[in-house]
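Using the supplied hints, reconstruct the complex from the two chains, each of which is provided in its own coordinate frame.
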Amino acid sequence: EIVLTQSPATLSLSPGERATLSCRASQTVTSYVAWYQQKAGQPPRLLIFDASTRATGIPARFSGSGSGTDFTLTINSLEPDDSAIYYCQWRPKFGQGTRLEIK
Amino acid sequence: EAQLVESGGDLVQPGGSLRLSCAASGFSFSSHWMNWVRQAPGKGLEWVGQIKEDGSEKWYADSVKGRFTISRDNTKNVLILQMTSLRVEDTAVYYCARDFKWVQSDYWGQGTLVTVSS
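Protein sequences, first through last, are from chains G and B.
Position 17 (the first sequence) corresponds to 17 in the numbering used here; numbering is contiguous.
Position 20 (the second sequence) corresponds to 123 in the numbering used here; numbering is contiguous.
Hints are computed from structural coordinates only; laboratory data are not their basis.
Please read these numbers as outputs of a predicted model, since none were measured by experiment.
Hints may be right or wrong, so weigh each one.
[To be verified] Every beta carbon over 10 Å from chain B, so not counted as near; a handful from chain G, in silico:
1) LEU11
2) GLY16
3) SER52
4) GLY66
5) LEU78
[Unchecked claim] Taking CB as the label site, the calculated pair distances span:
6) GLU1(G) x LYS155(B): 20 to 26 Å
7) ALA143(B) x GLY68(G): 28 to 34 Å
8) VAL108(B) x SER77(G): 30 to 36 Å
9) THR178(B) x LYS103(G): 46 to 52 Å
10) ARG190(B) x SER77(G): 42 to 48 Å
[As the list claims (entries may be wrong)] Result set (DSBU-like, lysine-lysine): computed pairs, CA atoms no more than 30 Å apart in a straight line:
11) LYS179(B) x LYS168(B)
12) LYS168(B) x LYS146(B)
13) LYS179(B) x LYS204(B)
14) LYS204(B) x LYS155(B)
15) LYS146(B) x LYS103(G)
16) LYS39(G) x LYS93(G)
17) LYS168(B) x LYS93(G)
18) LYS39(G) x LYS103(G)
19) LYS204(B) x LYS93(G)
20) LYS146(B) x LYS93(G)
21) LYS179(B) x LYS161(B)
22) LYS168(B) x LYS204(B)
23) LYS179(B) x LYS155(B)
24) LYS161(B) x LYS146(B)
25) LYS204(B) x LYS146(B)
26) LYS204(B) x LYS161(B)
27) LYS204(B) x LYS39(G)
28) LYS161(B) x LYS93(G)
29) LYS155(B) x LYS93(G)
30) LYS168(B) x LYS155(B)
31) LYS146(B) x LYS39(G)
Idealized CB from N, CA, C, for every residue including glycine.
For reference, chain B alone in the conformation it holds in the complex (with noise of 0.2 Å):
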């Protein structure tokens, strides 16, 4: 079956970068966008961005366009999130997910907690 692990996590201070990964098993990782998708403590779901099969197309938030950068490795199946000048609003678990159809996600991983804080 399909599993997404998320790693990466910190506490960074405003201003800052921090790398998140995903490791991806179980399924044809280069047969399909993969997803980011954030919750504030407490709060909803925000899609972050999206990344085509071969990496050829990404797609982001507007709250997060020129600071964040998806990426993958398909030869290591590893989707990963590379976020600079982080702002508290940024806080959030953040979540992979498999897309199957027009952003609709049928696995997600358990996620991974960034804090914003100074």
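So here's chain G without its partners, still in its complex pose (with noise of 0.2 Å):
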């Protein structure tokens, strides 16, 4: 059975920085991983798709790379609306979530 991991757990950082947000599968993958923020009493938001393109309508200042078992989401230019839940998916997957904190 594939595990993702994410990693770290809870992330604080301030305004204009940059937040790198780990996924790791217990075992290789194909890329179909997406990757969702999800804020407080609000279903979850597709930012990436396909571990690498961008939902619709999401701001350039999100990437996501990687392949086989190591995926990464890449926030530049933080803003405190950022703030929120972030998880990865693959397929029927998610991993346990990130929580990034904006302060």
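Shown next, in the form of structure tokens:
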């Protein structure tokens, strides 16, 4: 069974900085990896699909990369509104999430 | 634009049953696989299951297999999750989501809360 492990669990950064979120699969997976942003009380919002393609309307500050077992979500020029939990997904598997705090 | 609206969430006793609905609009419902994803209070996302465009294939998470059934009515643009033998650990917000490629989901409903408690 494939397990997705996200790190770090929590990330605290300042506005304008860059966030690097990791998602590691327990074995090699195809690149059908998605990243979602979820704010409190809201459903998840698709940011990235197929590991590196931005979804419609997602700013270029968000980028995805990776292949095999290691995938990364990078958020440049952080804004306070980026505070949320970020999940990676590969087919039916979700990572446990990374909480990003912008202070 | 695509819109998904869940309904049917409620408080139910352990061992009970519940039927959730997801009304779809703004897109060709019959052209998409559809997913159910749940989120227990304060926890992460858990995929529940999915159904093919024409309903001919269904896949379920091991945690719900044999207890939950997904169906759809493409004439009414409605997705259904029939839940039986409910357990306390099934307590969660249930989301329906449009699958556009290998379970990756681009549109999500707002969710409906199911609470299983005596």
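Hint by hint, here is what the structure shows:
1. The claim that LEU11(G) is not at the interface with chain B holds, since no C-beta of that chain comes within 10 Å of its own (minimum 16 Å).
2. The claim that GLY16(G) lies off the interface holds: its Cβ sits roughly 29 Å from the closest Cβ of chain B, which is beyond the 10 Å cut-off.
3. Residue placement check: SER52(G) keeps its beta carbon more than 10 Å from all beta carbons of chain B (closest about 13 Å).
4. With a least CB separation of 15 Å from chain B, GLY66(G) remains clear of the 10 Å interface cut-off, as annotated.
5. Annotated as non-interface, LEU78(G) keeps its C-beta farther than 10 Å from every C-beta of chain B; the closest such distance is 22 Å.
6. The given range of 20 to 26 Å is respected by GLU1(G) and LYS155(B), whose C-beta atoms sit roughly 23 Å from each other.
7. With their beta carbons about 31 Å apart, ALA143(B) and GLY68(G) fall inside the hinted range of 28 to 34 Å.
8. In this structure, VAL108(B) and SER77(G) meet the distance hint of 30 to 36 Å, their C-beta atoms being roughly 35 Å apart.
9. Take THR178(B) and LYS103(G): their Cβ atoms lie about 51 Å apart, and the range 46 to 52 Å holds.
10. For the pair ARG190(B) and SER77(G), the supplied restraint of 42 to 48 Å holds, since their beta-carbon distance comes to about 45 Å.
11. For a cut-off of 30 Å, the pair hint linking LYS179(B) to LYS168(B) stands: about 26 Å separates their Cα positions.
12. Between the alpha carbons of LYS168(B) and LYS146(B) the distance comes to roughly 21 Å, so the proposed pair stays at or under 30 Å and holds.
13. Of the supplied pair hints, the one linking LYS179(B) and LYS204(B) holds, its CA atoms being roughly 23 Å apart against a limit of 30 Å.
14. Proposed proximity of LYS204(B) and LYS155(B) is supported: the alpha carbons are some 12 Å apart, at most 30 Å.
15. Between LYS146(B) and LYS103(G) the alpha-carbon distance is near 23 Å, which keeps this suggested pair within the 30 Å criterion.
16. Restraint check for LYS39(G) and LYS93(G): the C-alpha separation of about 20 Å stays at or below 30 Å, so the hint holds.
17. In summary, the hint linking LYS168(B) to LYS93(G) is supported, as the alpha carbons are separated by about 16 Å, within the 30 Å threshold.
18. Between LYS39(G) and LYS103(G) the alpha-carbon distance is near 16 Å, which keeps this suggested pair within the 30 Å criterion.
19. Straight-line distance between C-alpha atoms of LYS204(B) and LYS93(G) comes to about 14 Å, which keeps the hinted pair within the 30 Å bound.
20. Taken as a hint, the LYS146(B) and LYS93(G) pair is honoured in the structure, with Cα atoms around 14 Å apart against an allowance of 30 Å.
21. The suggested pairing of LYS179(B) with LYS161(B) holds, with an alpha-carbon distance near 19 Å, which does not exceed 30 Å.
22. Proximity of LYS168(B) to LYS204(B) is assessed by CA-CA distance (about 23 Å); at most 30 Å being required, the pair is judged to hold.
23. Distance check on the hinted pair: LYS179(B) and LYS155(B) sit about 16 Å apart at the alpha-carbon level, within 30 Å; holds.
24. For the suggested pair LYS161(B) and LYS146(B), the alpha carbons sit about 25 Å apart, so the restraint of at most 30 Å is met.
25. The suggested pairing of LYS204(B) with LYS146(B) holds, with an alpha-carbon distance near 25 Å, which does not exceed 30 Å.
26. Between the alpha carbons of LYS204(B) and LYS161(B) the distance comes to roughly 15 Å, so the proposed pair stays at or under 30 Å and holds.
27. A hinted pair counts as satisfied when its Cα atoms are at most 30 Å apart, and LYS204(B) with LYS39(G) qualifies at roughly 24 Å.
28. Under the criterion of a C-alpha separation no larger than 30 Å, the hint pairing LYS161(B) with LYS93(G) is consistent with the structure, at around 16 Å.
29. For a cut-off of 30 Å, the pair hint linking LYS155(B) to LYS93(G) stands: about 18 Å separates their Cα positions.
30. With a C-alpha separation of about 17 Å, the suggested pairing of LYS168(B) with LYS155(B) holds against the 30 Å cut-off.
31. This hinted pair checks out: LYS146(B) and LYS39(G) have alpha carbons roughly 13 Å apart, not beyond 30 Å.
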